[in-house]
Amino acid sequence: MPKRKMTTYKKAGIMKKMCQDQRSTSKPPPPASSSSYAPSQPPPTVSLHLPPPPASTSAPMHPPLPPPHTSAPKHPSCAVQLQPSTSYTGRLSSPPPSTLVQPQPSTSSATALVDKVKSSYDVRQELLKDNRPTTAIDKKQLIISVDDIRRVLDIAVCTVCYAPLTLSAKTDCLSSKLTVTCTNCDTGVVIRDETAKTSAGKNTKMLENNVKGVFEAVNNNIGITGLNRIISTLGIDTFSQGKFMRHTHYLYKRMDKHYPVRMKDVISAVFTHYESYDILPEPTTGLLDITVSYDGTWMTRGHSSHIGVGFVVEVDTGFIIDREVISNFCQVCSRREKRQLPATPEWMARHASSCNRNYTGTSASMGTEAARRLWSRSTQLGLRYTTYVGDGDSSTYQAVQQLNPHDVPVRKEECVNHVSKRLGTRLRKLKKEMMTTITTKTGKEMRRSLLSGPSQLTENTINKMTSYFGKAVRGEKDKPYTSTEDMRKSILASYHHAVSTDDRPQHNYCPPGINSWCFFRRGEADKTKFYRKHSTKPGYFSKIPSEHRGAILKVYTDLTNEELLKRCMKGRTQNANESLHSKLWMKVAKHKFAGISRVNFISQVVILEHNFGFEAAYFPQHLGFKTTACKSANLQFLQKESIRSSTPKQTSVACHSSPRSASLSPPIAAEAPSGYKTKNMGEQPKHQYPNTQTIN
2 MPKRKMTTYK
12 KAGIMKKMCQ
22 DQRSTSKPPP
32 PASSSSYAPS
42 QPPPTVSLHL
52 PPPPASTSAP
62 MHPPLPPPHT
72 SAPKHPSCAV
82 QLQPSTSYTG
92 RLSSPPPSTL
102 VQPQPSTSSA
112 TALVDKVKSS
122 YDVRQELLKD
132 NRPTTAIDKK
142 QLIISVDDIR
152 RVLDIAVCTV
162 CYAPLTLSAK
172 TDCLSSKLTV
182 TCTNCDTGVV
192 IRDETAKTSA
202 GKNTKMLENN
212 VKGVFEAVNN
222 NIGITGLNRI
232 ISTLGIDTFS
242 QGKFMRHTHY
252 LYKRMDKHYP
262 VRMKDVISAV
272 FTHYESYDIL
282 PEPTTGLLDI
292 TVSYDGTWMT
302 RGHSSHIGVG
312 FVVEVDTGFI
322 IDREVISNFC
332 QVCSRREKRQ
342 LPATPEWMAR
352 HASSCNRNYT
362 GTSASMGTEA
372 ARRLWSRSTQ
382 LGLRYTTYVG
392 DGDSSTYQAV
402 QQLNPHDVPV
412 RKEECVNHVS
422 KRLGTRLRKL
432 KKEMMTTITT
442 KTGKEMRRSL
452 LSGPSQLTEN
462 TINKMTSYFG
472 KAVRGEKDKP
482 YTSTEDMRKS
492 ILASYHHAVS
502 TDDRPQHNYC
512 PPGINSWCFF
522 RRGEADKTKF
532 YRKHSTKPGY
542 FSKIPSEHRG
552 AILKVYTDLT
562 NEELLKRCMK
572 GRTQNANESL
582 HSKLWMKVAK
592 HKFAGISRVN
602 FISQVVILEH
612 NFGFEAAYFP
622 QHLGFKTTAC
632 KSANLQFLQK
642 ESIRSSTPKQ
652 TSVACHSSPR
662 SASLSPPIAA
672 EAPSGYKTKN
682 MGEQPKHQYP
692 NTQTIN
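Quick note: the sequence shown uses this note's numbering, first residue 2, plus one each step.
The set of hints was computed from the structure by calculation and includes no laboratory data. Take these hints with a grain of salt, some might be off.
Quick list of in silico lysine-lysine cross-link-like pairs, PhoX-like style, CA-CA up to 25 Å [as the list claims (entries may be wrong)]: (1) Lys-430 / Lys-478; (2) Lys-258 / Lys-178; (3) Lys-627 / Lys-206; (4) Lys-641 / Lys-244; (5) Lys-472 / Lys-567; (6) Lys-534 / Lys-490; (7) Lys-258 / Lys-203; (8) Lys-490 / Lys-478; (9) Lys-528 / Lys-472; (10) Lys-555 / Lys-422; (11) Lys-480 / Lys-422; (12) Lys-258 / Lys-641; (13) Lys-442 / Lys-432; (14) Lys-422 / Lys-534; (15) Lys-244 / Lys-258; (16) Lys-641 / Lys-588; (17) Lys-258 / Lys-433; (18) Lys-472 / Lys-413; (19) Lys-171 / Lys-130; (20) Lys-206 / Lys-178; (21) Lys-422 / Lys-244; (22) Lys-588 / Lys-254; (23) Lys-432 / Lys-445; (24) Lys-171 / Lys-627; (25) Lys-422 / Lys-465; (26) Lys-627 / Lys-130; (27) Lys-244 / Lys-206; (28) Lys-413 / Lys-433; (29) Lys-567 / Lys-555; (30) Lys-627 / Lys-588; (31) Lys-203 / Lys-130; (32) Lys-171 / Lys-206; (33) Lys-244 / Lys-472; (34) Lys-254 / Lys-206; (35) Lys-445 / Lys-465; (36) Lys-445 / Lys-490; (37) Lys-544 / Lys-528; (38) Lys-544 / Lys-430; (39) Lys-203 / Lys-171.
In this text the structure is predicted, and so the values were computed from the model without any measurement.
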């Protein structure tokens with residue numbers, strides 16, 4: 002009889018038993034115990050801790066109380082919170098954004114080596130180590146029903162007269178007030194949440210847990226609906242619309258007072274960073290010239306967004322220096338216009354302080370307007386944005402140049418990520434422009450591109466050549482470009498390599514040597530090995546007719562002009578700004594309506610979390626509330642998650658050898674204007690940070 006095949010279920014059973022046997026053999030023996038039965042964990046118990054009574058000599062001796070029950074409560078309703086492991090150190094993955102990379106220094110300063118590459122987050126934390134708040138650890142919170150507390154008090158007695166105790170509970174959404182009193186004497190204790198205070202230190206009617214709950218609802222984009230859905234499931238009274246709005250406005254006002262104070266520490270840290278590399282402000286004005294990256298973002302997609310935000314990020318440290326929120330819509334004004342009510346001067350004067358419209362232009366011009374405002378008030382921070390890293394939006398750069406707020410020309414550097422996409426855009430546009438009319442076999446006329454078809458300018462070809470163009474623009478970390486001519490040759494090498502054939506090889510721009518990426522140049526360097534022919538794997542442009550290649554070559558020529566390549570030499574990007582945009586709109590969803598007040602509040606929260614870290618920027622602790630150990634562990638976990646992808650690799654690299662190094666290289670004093678004086682150039686005294694003005 003033939004042997005039956007082993008079924009999948011039988012295989013799974015055998016594998017399961019093998020794993021169990023392996024675990025049982027590798028598991029250490031249990032510790033020796035004197036008793037025959039030793040449970041691994043004690044059963045859960047719920048105990049009520051009340052403050053001890055005041056010392057009194059006249060109080061009688063307390064009779065011994067019966068032993069407490071060791072069995073678990075019949076109706077446990079406490080929320081068990083597990084803290085994440087603190088041994089996690091984060092994943093080492095890609096290097097930090099190249100916006101942290103600095104201009105290429107002189108050859109004499111390019112010999113230093115560093116053993117550990119610092120990320121921008123580590124640099125920011127080192128600069129702000131003296132400005133971190135002290136976290137006060139609060140008591141652990143439990144969610145327990147009032148009936149369970151009364152059941153515990155049924156077996157408790159007064160410590161003075163041994164009379165029974167009564168419980169009076171008053172709930173206010175997430176906050177509560179518990180009063181335990183004696184039925185015979187005046188002995189009692191009151192347990193309640195702390196009261197929120199104003200910026201002047203006066204008490205309000207808002208309680209701690211309610212403020213914390215509303216903050217998390219606003220900060221995590223769940224709103225009143227999501228918050229009420231969660232707390233109602235736990236049997237807690239929900240928030241009314243009015244109560245929720247009162248708490249949000251309280252948070253907005255307190256943040257407006259808190260944010261400028263914290264940002265002064267950031268500005269001082271930027272001055273400290275530049276001073277550590279012997280770069281001091283201009284002696285006459287006291288202003289420090291810095292390099293920033295700027296980019297605008299819109300709340301909704303398309304050209305109909307009512308809210309736009311612009312961020313200014315310091316390139317060296319990654320600090321967010323300033324932001325501007327612009328809105329061209331006010332719901333109150335819009336409702337009044339629909340009802341055709343006149344906007345009288347008296348009404349406008351009353352409404353001006355609460356109007357959400359601070360701009361009357363179009364959505365497309367919000368990014369330009371935000372840049373104007375940010376550059377105009379930079380001197381109030383003691384800074385001048387003299388170098389601007391941006392994308393291909395020329396309107397913003399032209400607006401800043403026309404504004405000329407510093408009487409110093411603003412120099413623009415290109416984001417290499419945006420430049421690398423230009424080739425694909427130009428090739429797709431060229432393919433649409435080179436159209437012709439053809440006649441099909443059925444006699445029907447149709448429009449078709451001269452560059453369409455197999456082995457022509459296909460989408461795969463465009464994507465591949467765009468990728469090669471981007472690699473050439475970024476260059477290699479260990480071999481930085483010394484001139485724009487080197488970058489131009491590297492870019493043109495990808496084109497000429499792609500059009501080469503066996504009859505007409507064009508590899509003059511390809512790098513020579515046995516380690517070259519070009520198979521043809523490797524064959525020239527090593528005659529003993531046989532390398533493939535062009536016909537074996539034709540180049541992406543080799544099958545395109547020669548009369549059409551001229552148009553493609555013109556695109557490459559336009560993208561390798563001297564001025565554009567100069568702005569790409571330092572390899573900077575807007576990755577930090579793009580990351581901020583994603584963080585902002587994760588907290589303010591684009592598919593939900595949000596006013597300028599909420600967007601402004603969330604932008605302030607995002608900036609503080611980016612500059613100081615999640616734990617140091619946790620807003621409720623700055624309102625005077627304590628932070629529980631569970632929340633502190635959660636904030637540390639969020640911080641580790643946010644820097645996982647930006648943790649640098651632990652390799653030894655040249656500190657200044659490459660403009661595309663992953664390390665944080667210092668600002669270059671050679672780029673400072675003529676008004677600068679460094680410590681090496683003269684006896685300039687140590688800079689005292691200017692009194693920065695608070696920007697409302």
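Given pair status - Lys-258, Lys-244, alpha carbons within 25 Å: holds (22 Å)
Distance restraint between Lys-445 and Lys-465, which requires alpha-carbon spacing of 25 Å or less: Violated - the C-alpha atoms of Lys-465 and Lys-445 are around 34 Å apart, more than 25 Å.
Straight-line alpha-carbon gap Lys-203 to Lys-171, limit 25 Å: Measuring from Cα to Cα gives roughly 23 Å; hence the hint holds.
Pair hint Lys-544 and Lys-528, alpha-carbon separation not exceeding 25 Å: With Cα atoms ~28 Å apart, Lys-544 and Lys-528 exceed 25 Å; violated.
Lys-480 paired with Lys-422 [C-alpha distance capped at 25 Å]: holds (23 Å)
Proposed proximity, Lys-206 with Lys-244 (alpha carbon, max 25 Å): With Cα atoms ~11 Å apart, Lys-244 and Lys-206 stay inside 25 Å; holds.
Holds or violated: Lys-627 to Lys-588, with C-alpha atoms at most 25 Å apart: Holds: Lys-627 and Lys-588 sit about 24 Å apart, inside 25 Å.
Hint consistency between Lys-534 and Lys-490 [alpha-carbon to alpha-carbon, up to 25 Å]: Holds - the C-alpha atoms of Lys-490 and Lys-534 are around 23 Å apart, at most 25 Å.
Pair hint outcome, Lys-528 versus Lys-472 [Cα-Cα no greater than 25 Å]: violated (29 Å)
Proposed proximity, Lys-465 with Lys-422 (alpha carbon, max 25 Å): Within the cut-off at roughly 11 Å; holds.
Pairwise hint evaluation, Lys-433 against Lys-413, where the allowed Cα distance is 25 Å at most: Roughly 31 Å between the alpha carbons, so the hint for Lys-413 and Lys-433 is violated.
Proposed proximity, Lys-178 with Lys-258 (alpha carbon, max 25 Å): Violated - the C-alpha atoms of Lys-178 and Lys-258 are around 30 Å apart, more than 25 Å.
Against the hints set out earlier in the document, violations occur for numbers 1, 2, 4, 9, 12, 14, 17, 19, 21, 28, 31, 33, 35, 36 and 37.
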